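Chains E and C are the protein sequences, given in the same order. The first sequence: position 269 = 269 (the UniProt record's numbering), numbered continuously. The second sequence: position 309 = 309 (the UniProt record's numbering), numbered continuously.
Hints in this document: simulated from the structure, not taken from any laboratory. Everything numeric in this text was worked out from a predicted model, so none of it was measured. Treat the hints with care, as some may be off.
Identical copies look the same in the list; a pair holds intra-copy or inter-copy alike.
[Stated by the list, open to error] List of simulated lysine-lysine pairs, BS3-like, C-alpha gap at most 27 angstroms: (1) K125 with K152; (2) K20 with K118; (3) K118 with K33; (4) K303 with K227; (5) K33 with K154.
Each chain, letter by letter, is given below.
Protein chains: 2
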Amino acid sequence: MSHQNRTEINKLGEFGLIDKIAEKFSKQNNSTKYAIGDDAAVIDVGDYFQLVSTDMLIEGVHFDLSYFPLHHLGFKAVAVNVSDIAAMNGIAEQITVSIALSNRFSFEAIDAFYEGVKAACDAYKVDLVGGDTTASPSGLMISVTAIGKVDKDKISYRSGAKVNDIVCVTGDLGGAYMGLQVLEREKQVYLENPDMQPQLDKYQYIVGRQLKPEARMDLVHELLDLKIVPTSMIDISDGLASELHHIAKHSDVGINVHEDKLPFATNTQETALEFKLDPNTAILNGGEDYELLFTISQEEFEKVKNHPDIHFIGYINEKSSGLNLVTTKGNPIPLKAQGWDHFS
Amino acid sequence: MSHQNRTEINKLGEFGLIDKIAEKFSKQNNSTKYAIGDDAAVIDVGDYFQLVSTDMLIEGVHFDLSYFPLHHLGFKAVAVNVSDIAAMNGIAEQITVSIALSNRFSFEAIDAFYEGVKAACDAYKVDLVGGDTTASPSGLMISVTAIGKVDKDKISYRSGAKVNDIVCVTGDLGGAYMGLQVLEREKQVYLENPDMQPQLDKYQYIVGRQLKPEARMDLVHELLDLKIVPTSMIDISDGLASELHHIAKHSDVGINVHEDKLPFATNTQETALEFKLDPNTAILNGGEDYELLFTISQEEFEKVKNHPDIHFIGYINEKSSGLNLVTTKGNPIPLKAQGWDHFS
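Based on the sequences and whatever the hints tell you, model everything.
Below, the structure written as structure tokens:
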């Protein structure tokens with residue numbers, strides 16, 4: 001470690017840092033099918049592929065306990081990792097949950113957290129198989145690893161999208177981000193006047209999207225039943241635009257998505273307008289919805305065209321055409337990824 | 001979360017907390033062979049068992065960067081998890097490494113950390129397959145998950161020790177603990193007088209035991225070659241006495257270990273005496289040596305009796321006889337586990 005040269009992490013950004021780290025390492029074991037660069041690592045265990053994904057949640061960076069109940073946090077910590085396994089078209093079966101906590105936390109607080117973990121384990125049929133519990137100098141840190149499985153002929157990478165494939169997205173977007181804005185505002189109001197009670201009734205849907213996101217395992221099971229293997233897939237943790245960039249980069253393609261096809265809830269739109277925000281900002285760049293973004297070949301369209309919760313937002317093009325948002329007026333404008341980068 | 005009842009975590013201790021958490025959860029998937037309670041979780045992937053272990057390392061709790069070089073820390077973070085896989089008689093093949101770091105850390109510092117991770121990956125033939133990189137409000141937190149494999153007929157649990165089995169330990173004990181005492185003392189000297197340079201030459205062996213522990217994969221491979229499957233095994237992370245308690249509890253047996261058989265390095269003994277500590281305190285209760293403690297049936301003894309690095313320290317007895325240290329004078333005294341508990 002040389003103190004003569006100092007490169008700030010935020011100059012590289014999270015993805016730049018990951019690239020720098022990844023280029024150091026090479027594969028040594030045949031069982032390692034795919035390492036860094038997708039939603040989960042892929043291990044060949046013989047009969048099938050095993051998927052491994054891991055995420056850290058840090059107090060003061062990823063969550064604020066002044067409005068995030070611990071049992072919701074436990075649920076979310078599991079759900080976001082199950083979502084990464086879903087993004088490979090896989091089914092999570094095991095998780096490990098590690099926590100580091102300061103003496104500010106009582107056993108009852110930790111118990112509430114694990115009640116949430118258990119609710120998610122039950123909801124997604126996942127077994128808690130291990131973890132580490134330790135002290136921290138301050139705050140709460142959570143690290144979850146999810147392990148899942150997928151048949152070798154059913155795995156979806158980010159890299160498989162082909163020209164003319166249809167771009168699909170589940171659910172609605174931007175809600176978790178707007179929910180966070182509401183929670184942050186109510187926190188400020190409360191700090192300025194502790195007699196004020198938070199006014200959240202009107203924002204129930206979007207606050208729920210932030211505090212209790214669901215992994216879309218239901219869609220993974222439905223696609224299995226319909227015998228559809230997405231040509232590419234990713235979950236929307238950092239925002240639609242950022243995830244589209246990942247698909248375009250890994251699949252070496254261009255993508256056009258249509259503004260008028262982007263799904264959002266009325267509650268999201270109304271709240272964005274109340275906050276004097278363009279709803280598209282929340283829809284394209286708001287993170288943490290944990291919906292699935294995937295591509296299917298044209299032949300599969302008939303099977304899902306009437307699905308109430310799958311939205312067809314665009315097409316895969318040649319790489320040269322780039323990544324564009326086609327506005328309601330029909331103009332393609334280049335789409336920038338303004339995903340969440342905790343280092344910037 | 002009720003604030004009426006508040007139970008402090010340190011009243012439960014780490015193992016008490018883990019027990020309370022574990023009793024909440026039950027198994028839902030057939031692939032989950034063994035969950036919480038051993039060095040690693042066990043997943044049945046068909047042809048073999050897969051092992052999963054995870055550990056968190058928190059700045060200010062597990063390491064002090066004022067004397068712990070980042071590349072050593074990267075090596076150690078991997079080694080301690082590979083050691084958990086070794087403790088199940090398995091071979092680690094993949095790891096994930098997650099880090100949360102404050103803006104105090106430059107890219108060059110993180111690069112040094114990952115150089116250490118890479119050195120360990122090369123040493124243990126393990127592939128880095130994923131991880132998470134994120135910001136932290138202060139300090140460095142590391143979470144590593146190791147994934148390994150073991151043939152179904154070769155796995156060693158904590159629970160398999162049988163009466164008359166021989167208790168074995170590799171390497172020497174207490175060194176990492178005494179190395180830590182030296183490093184902490186030199187830090188104090190430096191803080192009081194920054195012109196003083198640390199005097200570490202005399203303590204090179206024990207300081208190395210603290211800063212660069214090795215997972216005993218060499219022993220796992222040797223036992224495989226000798227066709228010996230330990231009847232029980234655990235790695236020594238919390239101290240010999242604590243690990244013996246785990247074996248006794250899980251195997252439902254008693255254990256006698258003999259004071260005059262406990263292996264230690266001269267450097268450990270001399271430094272303990274210099275610190276006015278009973279060397280047995282370091283040997284029995286000092287953690288972080290990452291040696292292997294295991295039991296073998298009497299029939300296997302011939303195969304290893306001349307092994308230079310395996311020490312035969314005692315025997316498995318009926319449960320009723322308890323866990324005892326037989327002193328040099330031949331007196332059995334009950335052995336208390338004073339392992340490291342970061343909550344107390």
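Within, between, both or neither, where K125 and K152 count as close if Cα-Cα is 27 angstroms or less: Intra 21 angstroms, inter 25 angstroms, cutoff 27 angstroms: intra and inter.
For K118 vs K33, is the C-alpha pair at or below 27 angstroms within one copy, between two copies, both, or neither? This pair counts as between: shortest inter-copy Cα distance 19 angstroms, intra-copy 31 angstroms.
Can you give me the call for K303 and K227, within, between, both or neither, at a CA distance of at most 27 angstroms? within (9 angstroms within a copy, 55 angstroms between copies)
27 angstroms Cα cut-off: does K33 pair with K154 within a copy, between copies, both or neither? both (14 angstroms within a copy, 25 angstroms between copies)
27 angstroms Cα cut-off: does K20 pair with K118 within a copy, between copies, both or neither? between (37 angstroms within a copy, 13 angstroms between copies)
The structure shown violates none of the earlier numbered hints.
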